[in-house]
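Colleague: Based on these hints, arrange chain P on the given structure of chain R.
As a plain string of letters, each chain reads:
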Amino acid sequence: MNVNLTGADFLGILPIIILSGFGVVLMVLSVFSQRFHRMTIPYLGVVGIILALISNFFLIGKDYLAFQNMVRVDWLTVAFNFIFLVTAGLSLLLTTSYSEQEHIEFIEFTPLLLFSTVGMMLMGSAQNLMMIFLGLETMSIALYVMAGFRRNHRESLEAALKYFLLGAFATGFLLYGIALIYGVVGSTSFTAIAQYLNKNALSPDLLFLVGTGLLIVGFGFKVALVPFHMWTPDVYQGSPMPVTAYMAVGAKAAGFAAIVRFFTLSAAQIAYQWVDVLWILAVLTMTVGNVLALVQKDIKRMLAYSSIAHAGYLLVGIVADNDLTVPAVMFYLVAYLLMNLGAFAIALIVSGNQERRTRIEYFKGLAETQPMLALAMAICMVSLAGFPPTIGFMGKFYLFSAALYSGYVWLAIIGVINSLISVYYYIGVVVAMYMHKPVDERRIEQVVPGVGLVVLVAVVGIFIFGIFPGSLAGLFG
Amino acid sequence: MESYIWFIPFLPLLGALINGIFGSALKEKAGLVANVAIFGSFVLAVKAFLAVARGATFNGDLFHWIVAGQFKAAFGVQIDPLSAIMMLVVTGVGFLIHLYSIGYMHGDPGVGRYFAYLNLFVFAMLLLVMGNNLLLLFLGWEGVGLCSYLLIGFWYHKPSAAKAGLKAFIVNRIGDVGFLIGMFLIFTTVGSLAYADIEANVAQLVNAGVLTAACLLLFVGATGKSAQFPLYVWLPDAMEGPTPVSALIHAATMVTAGVYMVARFNFLFSQSATAMAVVTIVGTFTALYAATMALVNNDIKRVLAYSTISQLGYMFIGVGVGAYAAGIFHLMTHAFFKALLFLGAGSVMHALADETNIQKMGGLYHKIKITAITFMVAWLAISGIPPFSGFFSKDEILAKAFAYHPAIWFLGLVGAVLTAFYMSRLVFVTFFGQSRVEPEVEAHIHESPPVMTIPLMVLAVLSAIGGFVGVPAILGGENRFEHFLEPVFVGAEEHLHFAHVPHSLEYGLMLISILAALAGIGLAYGMYIKGSPDPDRLAQRFSGLYKLLYNKYYVDEIYDALVVQPLLSFSRFLWRVVDNGLIDGLVNLTGRLGLLISQVLRRIQTGYVQNYAAVFVVGVLIILAYYLFS
Chain R
1 MNVNLTGADF LGILPIIILS GFGVVLMVLS VFSQRFHRMT IPYLGVVGII
51 LALISNFFLI GKDYLAFQNM VRVDWLTVAF NFIFLVTAGL SLLLTTSYSE
101 QEHIEFIEFT PLLLFSTVGM MLMGSAQNLM MIFLGLETMS IALYVMAGFR
151 RNHRESLEAA LKYFLLGAFA TGFLLYGIAL IYGVVGSTSF TAIAQYLNKN
201 ALSPDLLFLV GTGLLIVGFG FKVALVPFHM WTPDVYQGSP MPVTAYMAVG
251 AKAAGFAAIV RFFTLSAAQI AYQWVDVLWI LAVLTMTVGN VLALVQKDIK
301 RMLAYSSIAH AGYLLVGIVA DNDLTVPAVM FYLVAYLLMN LGAFAIALIV
351 SGNQERRTRI EYFKGLAETQ PMLALAMAIC MVSLAGFPPT IGFMGKFYLF
401 SAALYSGYVW LAIIGVINSL ISVYYYIGVV VAMYMHKPVD ERRIEQVVPG
451 VGLVVLVAVV GIFIFGIFPG SLAGLFG
Chain P
478 MESYIWFIPF LPLLGALING IFGSALKEKA GLVANVAIFG SFVLAVKAFL
528 AVARGATFNG DLFHWIVAGQ FKAAFGVQID PLSAIMMLVV TGVGFLIHLY
578 SIGYMHGDPG VGRYFAYLNL FVFAMLLLVM GNNLLLLFLG WEGVGLCSYL
628 LIGFWYHKPS AAKAGLKAFI VNRIGDVGFL IGMFLIFTTV GSLAYADIEA
678 NVAQLVNAGV LTAACLLLFV GATGKSAQFP LYVWLPDAME GPTPVSALIH
728 AATMVTAGVY MVARFNFLFS QSATAMAVVT IVGTFTALYA ATMALVNNDI
778 KRVLAYSTIS QLGYMFIGVG VGAYAAGIFH LMTHAFFKAL LFLGAGSVMH
828 ALADETNIQK MGGLYHKIKI TAITFMVAWL AISGIPPFSG FFSKDEILAK
878 AFAYHPAIWF LGLVGAVLTA FYMSRLVFVT FFGQSRVEPE VEAHIHESPP
928 VMTIPLMVLA VLSAIGGFVG VPAILGGENR FEHFLEPVFV GAEEHLHFAH
978 VPHSLEYGLM LISILAALAG IGLAYGMYIK GSPDPDRLAQ RFSGLYKLLY
1028 NKYYVDEIYD ALVVQPLLSF SRFLWRVVDN GLIDGLVNLT GRLGLLISQV
1078 LRRIQTGYVQ NYAAVFVVGV LIILAYYLFS
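Taken in order, these protein sequences are the chains called R and P.
Be aware that the first sequence starts at 1, since it is given in my numbering, and climbs by one per residue.
Be aware that the second sequence starts at 478, since it is given in my numbering, and climbs by one per residue.
I should point out that these hints are in silico values taken from the structure, not numbers from a laboratory.
Here the structure is a predicted model, which is why all the values come from computation and not from measurement.
Misleading hints may appear alongside valid ones.
[Stated by the list, open to error] Footprint (simulated), chain P over chain R, 3 or more residues, beta carbon under 8 Å:
id : region
1  : 166-178
2  : 203-210
3  : 231-240
4  : 285-296
5  : 465-472
Ideal placement from N, C-alpha and C gives every residue a C-beta, glycine not left out.
Chain R on its own, in the form it takes in the complex (with noise of 0.2 Å):
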């Protein structure tokens, strides 16, 4: 076989490149850590981050495949990675501080979060479904360790033990569903992939059907679809908050970048075929999510099931498979990066030491304490809740008006009634922080840099592309 790589196919995965450099260079410097102060690693893998982002403009505009159909370089891509690398910037800026009330050396920790960013983004550059596999994999064994990584801690060893056991379980669901495809198609392309559908629209073969059905199961696992979603809340709780707030933003946008290259992308023609499936998906993932959260006590839990429920509501966008689907997701996995980044870095202050104070009581009488911090956590809980003027409510809108368009009229109601129901827990933070006393005397020192940027940013995302959503919205077509 005649390989001829040209510079636009490096080009193309450039970002990739340039975080998996750092991501080597740091695991060799990190052996020697102890010549280093100790923020010296994750800072550089910020400006490793920064560079990746730097690198990521030279892809605006562009179109075209690298590497023998492997990559697709668009307009997606660059959404993607720009979703991937904020996200992973904002989580490290978050473990800054997290290693430091911890006592946790978080040397390693740097290194593996950005090869699990790298994995994410060969997922979203995907035109293969053996980068789907690879960059999933690479993405998720990377979380596997991150989510044990306070080894001192049961929590978090049972955390990244479930992960692990149920994540292999599932892997072994889509691999087998790629297998199933690959037999019919004869090759794992989406290009093929699409010819074949293109022919055999009206009566694809029943083995690729399965197929596609174990890719469900298999994309459904990392986003959290019920009922795929059992390992999520005890995941979330014991990984340390850094971890969570990643695995919550990351991992579930790297599974929609999945699922709209494969579904909504390539196996467009046959969409009568899953949209049913995930119809009743979204409607028991929304469902089950929001129920469940009413009752959860512990903020950690809480935004688990939140994140289910999310998880949903972006799957409401998939269903309704019109022009207005990617932009729709595109739009709420940003509404849904700012909301629970911000949310997640205040439950982080909250927290405190060894994250003793992760239950909801402890937000009581913050109002009091430390006003502004009280102020954007009511600001994320409002957003999260759907209420405008802030981007999460622009964000349903954008998803439930797709779901509209294409008549999918009960899904819509189901997915409102869904917002309704989890007005009543994210209030009840609101409610903690602003009408009950203090539960006890400790107060919270002082706010580490890093992480009241990645609170600033939120919050005033939430509420700049909450007013003006055209400003964003505009970007992805």
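Modeller: Below, chain P alone, put in the same frame as chain R:
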């Protein structure tokens, strides 16, 4: 033009933000910030006006607020002769009133809040007149309503002020419901809210048979905002707010929004003879009806409020009969002289320790000369004495009304007599005759400071000569005002049918309206200066009529009995039975059910990996079964 027009609305918004955030720290400097902001807008509005006068127009979007499929909500403005004139009135008169406010509000603890609201109002009003679509107009429409509510209730510690604010808000809300439904109707028929799209697709509205309904629904909104019968009841109470607010919002700008809206949608209204007739009849009735209530009222601001309602009626006659330019012309001259009257009233109150009862005034002419003279210029203007501005604009409306239907002209003429009479009464009782001022107040009577009298003088000049831009052809003028606005209204002309009025008749009509004004003034002179016929004796002789007028036809009481009380008892029923029983019950039930389901479902969340995997496998099996068996 597009480089600077965006600053026109956003400068006042910036001022409002600065005063809103730092108002309490800025204290008296808040007035300076607000004045600089609106003066900047005014300068740019003049620049835009001059560009429009040279023939330039602009219609463009700054950004798209929401785009979702076919639906598009744009933040866009349209600068044409109509919006250029409105911008000049809003920022020009607005600036003078801002300036005056510095003196009037001096020493008030809430001065920062006051100027923040005032600037916010100007921002909303500019959106209303500049927008190129109904959505932005509605945003401005609601924005000015909000500011009006906030400013009427500015002294919120006074229960009457808080109540008046609430009343204005609620009554306007009734009109807004009509306006909103009208918007929905247009959107569902045309598929767009942009003026250009609506104008291009009027045929669709006609074919769907909803044109008249859409016009009338929009007009319902106008009767609320512009205080026309039957929704005028909030405006007299709105006088509880600071007097400059009455001048700016409840005389010169906000209340004219309805007139502007009808003129803006001339291409809709002119195609529906029914809608035009309704606008004309409501306007005529209100003009006459409100004037009668002004005859006997003793509160200086309330007389002016009824006068405003009546004058707005004239503007609606103008736009209703299809004389759009004449309606807007009267809107402009009215902004000059009515703002002047209110500011003059404010100056009188300033001199008399906030006294508003004209029976406790009298003989003020020699004590506050600038206020008195400027007030009298406005009096001559509103009474329709040539060559003051009101004469030209009112005469233009009456002439067109005659061509539409002589009966409308006649009723308008009767209204003009009443106007001249009640305004003369106000002037004579306030400034002439014996002083009835309480002695301890009398000692402190003083003219207002220059920051207040300069706006009075500028407005007096405008009230005196403002009419010359619209001198009609029969007086040797070329009516430049009408020609300037022609491009906006030219499309409507083919749908309008006026009877031909020969020049000789036009001269006759003009003469009659001058004589009518003089008759009104003469009668008032006789009654309130000479004492014959004696007003008190007249009041006794026609005590039934007097009481009816004095009590404002008991409309507030009728509304209270017919609408408010039944609504309140219905609300009580809804609250006690439906809300507390049914809704709360349902909500609590859903809540309990949700929690119950939650409690059950969480049992599945055992924490054991094998259970999780089992649930997982069930999911896989169901999906596989779907594909295998469907």
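Colleague: For every hint, state whether the structure bears it out.
Modeller: A quick look at each hint next to the structure:
no., hint, result
1, 166-178, "holds (count 4)"
2, 203-210, "holds (count 3)"
3, 231-240, "holds (count 3)"
4, 285-296, "holds (count 5)"
5, 465-472, "holds (count 4)"
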